[in-house]
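J.: So the chains spell out like this:
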Amino acid sequence: MTEGILIRVTGLSIGWDDVVLQKNASFDVARGDIFAILGGSGCGKSTLLRYLVGLEDPTEGTIEVTGIGRPHLDGGRPRFGVMFQSGALIGSLTVGENVGLPLQEWTDLAPEAARAIVRAKLRLVGLPGVMEKMPSELSGGMKKRAAIARAMALEPNLIFLDEPSAGLDPVSAVELDELILTLNKSLGLTVVLVTHELPSIFKIVSRCIMLDRDSQSIIARGDPRALRNESTDPRVRPFFHRTPHETKEG
Amino acid sequence: MALLVHVRNRLEAQGIKSEFVGASEQVQGIVHLYEGDVHLPPPKRRKPESALAQIGRATVNVLIEAQLVFAFFGQMLISAIATVRAPRSANWREVLPTMERTGADAVPIVILINFLIGFVMAFQGAVQLKQFGANIFVADLVGLSVTRELGPLMTAIIVCGRSGAAFAAELGSMKVSEEIDALRTMGFGAMPYLVLPRALALILVMPLLTLLADLVGLLGGLVVGLTTLDLSVAGYITETRKALTVWDVYSGVIKSGVFALAIALIACQQGLATTGGAEGVGRRTTASVVTILFSLILLDAGFTILFHAFNL
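Protein chains in written order, with my numbering: chain S, -8 to 241; chain L, 577 to 888.
Because the hints were derived from the structure by calculation, they are not lab data. A virtual CB, placed ideally from N, CA and C, is assigned to each residue, including glycine. Treat the hints with care, as some may be off.
Claimed, not checked - Just some of the chain S residues that point at chain L, by a computed CB distance under 7 angstroms:
hint, residue
1, V44
2, G58
3, G60
4, V73
5, I81
Sequences are here, hints too, so could you generate the full structure?
T.: As structure tokens, this is what we get:
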């Protein structure tokens, strides 16, 4: 794989049963990028993310991650972190136990050392003092932050985020954007995220692809700011300029 | 407006030309929004499914579900073998709390139900046996039916209602809230992390609950013997010991182990197959309880035939 490329997707088709969401999708994610998968509702953004993290096996096309090969979840120490849309913290465990789960399983750290790391990770995401709380006691934004701390527990160099700022109030969304930027800049973390929050996209995303439901293909790729200013595609412009598609007769 | 548009569409479908006229600009906008100015093709009428087709579809669905349970059992066996080879891969921490929830917490209800079962059975039996002066045989009736059949079966039904439903709902909720996906991305398989600890906990506690059920069931019979049949404690116990062999108790315990496996297997399979949010969790929980109850009766019948065939 070309140096500097962390993920290479070639000719990938995604969907389930008889439903095809995307056909023959090809794109690269460079190391150190904040890479966004964009598109309207139902175009397959989150499904594509499931393929990228290995939750679904491609029947057509390939996904290759440098140092891992085909992403798989056949057990073994995870090589990347994933934050799901709802946070997906384990409800029966405390926040501290959630964040410490990968450490407990995949390292030989003494319990005290593991707790110190958990505390540090929670401080990193701006959540000091919630270790003993249950996930149900946290707000939506706090759950997402805790989920990022859990995804960061084993210090991966790649992290996947599914709609990190969806459903958050503007302040929490901005704080989460700042956190992602900090993690990217300070730790050199490559971030692949699914989002349709325009302020987040223009603030933090360095490169993106845009999926289209009707053509089942990638209809735009590149710097989102450049796409906003330069794209003349009638399917791309409305997304970046937040205007309705002209589908109905006036 | 929605109703007006619906009426217009129905008229159009019947070949009656109709349109909105003379509406103000504002109303026209609303008509357009509801697509009241669009000529829709006549809707295709779906032929209602025949009763035979419904029965056929339901039968196929049952077979598919059964196939999925057997496939899940296969995966469980493979995972159990892998866990024996690498014991660290399973979530052993979950076993004791699950044993407490499914076993210790079920003790009061198991005692109450099985005591009443023994009590009622002795009472019903006593009415008949009294006519022949065979009061003492109440001990035989209660002893054999409780240890061989009712103790294990009633305990399994209680555990199905308490723990089977809880397993299915718990795993179903975890599935729809992406917790199971999150665990997988952290390197924890659902089988060793969630299913095996639950199955092991049930297999360990159900035989103990069954022994307890046997004991209180016999006690229920004893109470009836003492209060209504004028039997002595010593006489009742001696008759029970005469009637029962160790195998009678063992056979119930063996059954309970198999019942435990069936409950854990079906509940976890149904829980992990959940889709579609809260409604899906409810649907799968109901399905798991119904399937488990059906399987328990089926297994019990199988055991009865097997034991009879081998004169056990």
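J.: If a hint holds in the structure, say so; if it doesn't, say that too.
T.: Results for each hint:
1. V44: The hint holds - S:V44 has a Cβ within 7 angstroms of chain L, the shortest such distance being about 6 angstroms.
2. G58: violated, 16 angstroms
3. G60: violated, 16 angstroms
4. V73: holds, 4 angstroms
5. I81: holds, 5 angstroms
Checked against the numbered hints above, the structure violates hints 2 and 3; every other hint is satisfied.
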